[in-house]
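Participant: Since chain B is already given, all that's left is putting chains U, P and H on it; use the hints.
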Amino acid sequence: MKTFSYFPGCSLEKMATSYHQSSVQTTKALDIDLQELEDWNCCGATTYFHVDELLAYTLVGRNLAMAEKAGHDLVAPCSACFKNAYFANSYLKEDEDLANHINYALAQDNLQFSGTIQVKHLMEVFVDDVGYDTLQERVTHPLKDLRVAPYYGCQIVRPRKDHEDVENPRFFEELITAIGADPVDFANRLRCCGGSLLITSRPAAFQLIYELLLNAQHSQADVIATACPLCQTNLECYQMQINQEFGTDFKIPVLYFTQLIGLALGLPPKKLGIGTEFVSADHILTFAKEPA
Amino acid sequence: MSEKVGVYVCHCGTNIAGTVDVEEVSKWAGEQPNVVCSRDYKFMCSSLGQELIEEDIKEQGLTRIVVAACSPHMHEKTFRGATERGGLNPYLFEMANIREHNSWATNDKEAATQKAKALIDAAVERVIHHQPLEPIPVEINPTTLIVGGGIAGITAALELANAGNHVVMVEREPSIGGHMAQLDKTFPTLDCSACILTPKMVDVGQHPNITLYTWSEVEDISGYIGNFKATVRKKARYVIEELCTGCGICEEKCPRKVVDEVFEAGLAQRKAIYRPFPQAVPKYPVLDPPNCTYFERGKCKACQILCPTGAIDFEQQDELIEIPVGNVILATGYDLFDSKRIPQYGYGRLANVFTSLEFERMVNASGPTGGSIVLRDGETVPKSVAIIHCVGSRDNNYHEYCSKVCCMYSLKFAHLVHERVPDAEVYNFYLDIRTPGKGYEEFYNRLLEEGTHFIRGRAADITDAARLPGEEGKLIVQAEDTLIGKQRRVPVDMVILSAGMEARHDSVDVSLMFGMGCDFNGFFTERHPKLDPIATMTEGVFIAGACQGPKDIPDSVAQGAAAAARVGGLISQGTVMMEPVRASINKEACSGCRICNDLCPYNAIIFHEDQKVSEVITALCQGCGTCVAACPSSAITGAHFTNDQVLSEIEGLLWDVRERQAVPA
Amino acid sequence: MSEQFEPVIVGFLCNWCSYRAADLAGTSRMKYAPNMRAIRVMCSGRVDPQFVLKALREGADGVLIAGCHPGECHYVEGNIKALRRYILLKRMLKQWGIEPERVQLVWASASEGNVLADAVDRMTEEVRALGPLQWRKSVLGGNGHQPVAAAEVEVKVEEV
Amino acid sequence: MVKKPTFSEEVANLLHASHGEPLKTCIQCGTCSGTCPVAEFMDYTPRRLIAMINANLKEEVLESNTYWYCASCFQCTVRCPSEIDIAGLMYALKRYSIWKHLYDEDAVGPVFSETFVKSILRSGRSYEPVLAPTYIFSYGVREFLNEAHTATTLMLKGRLPILPPRIKRLDNFKKMANRIIPMGEA
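Residue numbers (numbering that gives the first Met the number 0), protein chains in the order written: chain B, 0 to 291; chain U, 0 to 664; chain P, 0 to 159; chain H, 0 to 185.
Only chain B is shown next, with the shape it has when bound in the complex (with noise of 0.2 Å):
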């Protein structure tokens, strides 16, 4: 049984509880142990860093403090504050003046950063801790011939040079592959989904959003798979106002890739916070059978 220090994220108290859901049900069926980081922190977003540098780096500092406290390498669910905490956490352990100022702040806190932990998204804990012969087997609900849009979306490869391949990754498609389903050849699969453009210049962001379902659309995927509350909200919440901007119509439901596992491994689909889409994922449910 392998624990993590579990960082939520704020998207996940509410936009994105069916995330946490899913995340909490799917890892305990896999034996992972989920310890929610106590009075986590916002982590700043992508949008701290365009105030100010020093505070984003504190604000994850807290957290990074906290996980090592507990003791635990650090989980994040979504990819913007996963890249946060993964850089914040390389930069302060590699940058000891960088390391200094955010400890004179920490110590407020009775916090200190000493650089003993990593830092993991959701999904590479399914990768390397539980791994896709494991998950294999645990399934039980194959999503037979489900064919699924695996979204990687941005942060959760990039700017990681060092990742296996952030140009081309098979990570998801494995996942995929290994809960019976069929991950769908989607060019887009590394595109932005315009993240916070939505709010600042929305006509940019659709222009993506839309991009990205009609890629979807080209290669028949029943559902798109993603790893990321904010790709996910971009993706859904808003296909019906593209539908209107572009007269199109997009009926494409979006889920998490966690709520997919789930539905193999035979979890039930409320447990998993499936019913609360603007886009109804129903017809999904219908694909995960118990081999005859």
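The reader is advised that the hints may include incorrect statements.
[To be verified] Distance windows between CB atoms, simulated:
no.	chain 1	residue 1	chain 2	residue 2	range
1	U	Leu132	B	Asp96	52 to 58 Å
2	U	Asp317	B	Asp30	50 to 56 Å
3	B	Lys27	H	Asp170	32 to 38 Å
By construction, these hints were calculated from the structure, which means they are not laboratory data. Using N, Cα and C, we set each Cβ at its ideal position, and we do this for glycine too.
Facilitator: Just chains U, P and H, lined up with the frame of chain B:
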């Protein structure tokens, strides 16, 4: 014993005198122990300057000479000459570098003058311990080993052979010809590659002075300039060359077809017993066991049964052949950058993305499509083609260097498309068009007239994800047109990736085998980047062609010929004189610990089990001195770099600060 | 203010790369600290630890060893041997309380005049900051006893 | 005497040490701009912006909307052949312009960023509804209605919090932030 040292301080015009107070220095030097005469002179390297030295030796009976001037790499030979003409052994001379290392490196006159004194004192202290040495004459074996049968190797081989020297050529592939044999046209003249290459290949094959080993590799090389011993592995061909007439029946009758990944770049098939191409030299085919039905299942033997001369021998084994040679020319060529390493270009995923080599084969009249330009489906003719420059080049994520040939061959491709598919649109995505070379810029202008679209900007993405009308079913090349400052999406039917040249995957091993270096990119390091791009740091080993760095055909040919000339020079000398900088072991002092044995990179130190002592084979020793430094019982001496010489040099170098903290005796 | 301390640094430069690098620095008129005095050795692998100790004992405040980049050694891997010795030597000097900045190893190819020049400048400043090396005080602790001979052997034996 | 840093140097200094090569190594190949998913919305492409920075065109650069359009997808950063962290550069420019109040007044980005930050400093967590007013005014009527609709649907689906979340050790948290940038309220 006390030596009579003469010190000569050079002004080098104002190069030295401008910063160093030469009069003061030479006056000071004259007052140092053992120095009997000290002069300063405008140009020591001039004949008058040299005569000064010669006369002083004769008249004042000098026994040691020190010249303080430029770098020994500049004039050491010159002054050794003067010393010798004066009647002393040339090695009783030492040079103090007060120009490159001093007057040119600082403006601080005082400091420079002080440093000059230190450098001179060091030289004086050192030269006192010099011993007379004789250069080591080495016989040159007139046979030359040429590794690699591409255009560079072929040129070198023919130059040497035609001059009456024996050449042994070793080629890894079944035929010589190298990459050039795969090309259709050559830029900028567009003459047919095969037409100019095959005659040369035939010459090599038939030349009485050339022994050709194809399907062979150099496995080991030992020895030194003039006397190398190469071990060549002649891989089993399963064809008895003496009997084979090259009629080709075996190839014709062989039932087994496999994709030819090497010569046809995967675009066509060959048989399990094959010649890579019809004009192959030598004419003998090669059988590849992993794909041969007989080797797999123990039956078939079609080739053996049908061979009119009974030349097929399934029992044949690899042979190891030892060949003594005097010099080596490495012409091992290059590998093409693997376009799969740039996933966003979609090679391997998007069918109609081709590599430059695939395209070369495609447009080749004797190639898989008989020279017609078609998509993967083998029939559709593209209406629009994008050519992407700098694939894997000028990019710190892959290769930082410019691959030099890609611009020109990309232009050639564009031209060939215009020629074969007149109504097709051609888009070249480039960073900079680099056309330095005779007739190259003119060729670029010609392409501009032919109506090629040139878009300045590195292609960012190649995708089949259509989003605008007109993009469906096409490949979309996305890039910024940097001259307009706008992002563009260009839909095309076919994309050609102009991949760069990179060092052979095994170049590092090769460089180690031949005891020379290669740079961070894996290209072989030349002795001097400007003045000696042909020799390497290992005497008797030369390089030619793309193994030294990206090169086009004319450059490779020129370097091949140059290498041949260099080797030819050595051969006609018959012997070379080598610096007597060598290590030797004092048997009495040797404890037989054998530390030195493994340290020597040239295996020049052998161990006598009987006497339990090590010995240096002078002929093999290159004089690096690593063993000298390592010997725990100081039993090894490095001639001209002995411990006394260096230690006293250190003392001299620190003459002015020694008092500062001299150790009580 | 009092005149600043000018350290003396002995440089062991390999004949093929670093000595030529210094030549190049001069030829291209790069200006750098005149504090380094060079000794030419055929290969950095020839640099016997006792040379370094000798230099320090004779009054040098620092020693710079420069050779070809790994993989570019004219003698295949003499520079790697030098590196190994250097590491051992540092360990020993540390025991004697000699600051690590005083003995440095750099790679400079024949084409890297700037690299060598920068190294000399940097090292000169570092050593100047440290002040003169008082061999007697720092190493011999006043008495005339010299641990060096013993030390050499130690280094060499560890070599294998 | 100290020479005034060029704009290029100023910006380079704003880049965190780990953010790769300084801008001067740019070879103007356009990989970043060819890659950028929102390039078409920018008044200058990223490549051109770098050229302008190196040319010291401070005003033009800061007035441009380019860096406010960056959605931090980092595709340019990982592809840059000169290892320039272009996305990082965009952050730096955002900071620079906010810090010097040099951005274009009707731009939503800066306002949003600052409100976002303040909201975090108030509660320790971010709270979507608070953010709404900061940008909603910039919408047309239809957009506003759509937005309102999306919001209510989110509410109905239980995907929007009614009350802003707070962290427990808020005082410490504020003191902590205060040590980095003193702001009266804490």
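Participant: Take the hints in turn and mark each one as holding or not.
Facilitator: Now the hints, each set against the structure:
At roughly 56 Å, the beta carbons of Leu132 (chain U) and Asp96 (chain B) sit within the given window of 52 to 58 Å. Remark: the range hint 50 to 56 Å for Asp317 (chain U) to Asp30 (chain B) is upheld by a beta-carbon distance near 54 Å. Roughly 34 Å separates the CB atoms of Lys27 (chain B) and Asp170 (chain H), a value that falls within the hinted 32 to 38 Å.
Going through the hint list in order, the structure satisfies each hint without exception.
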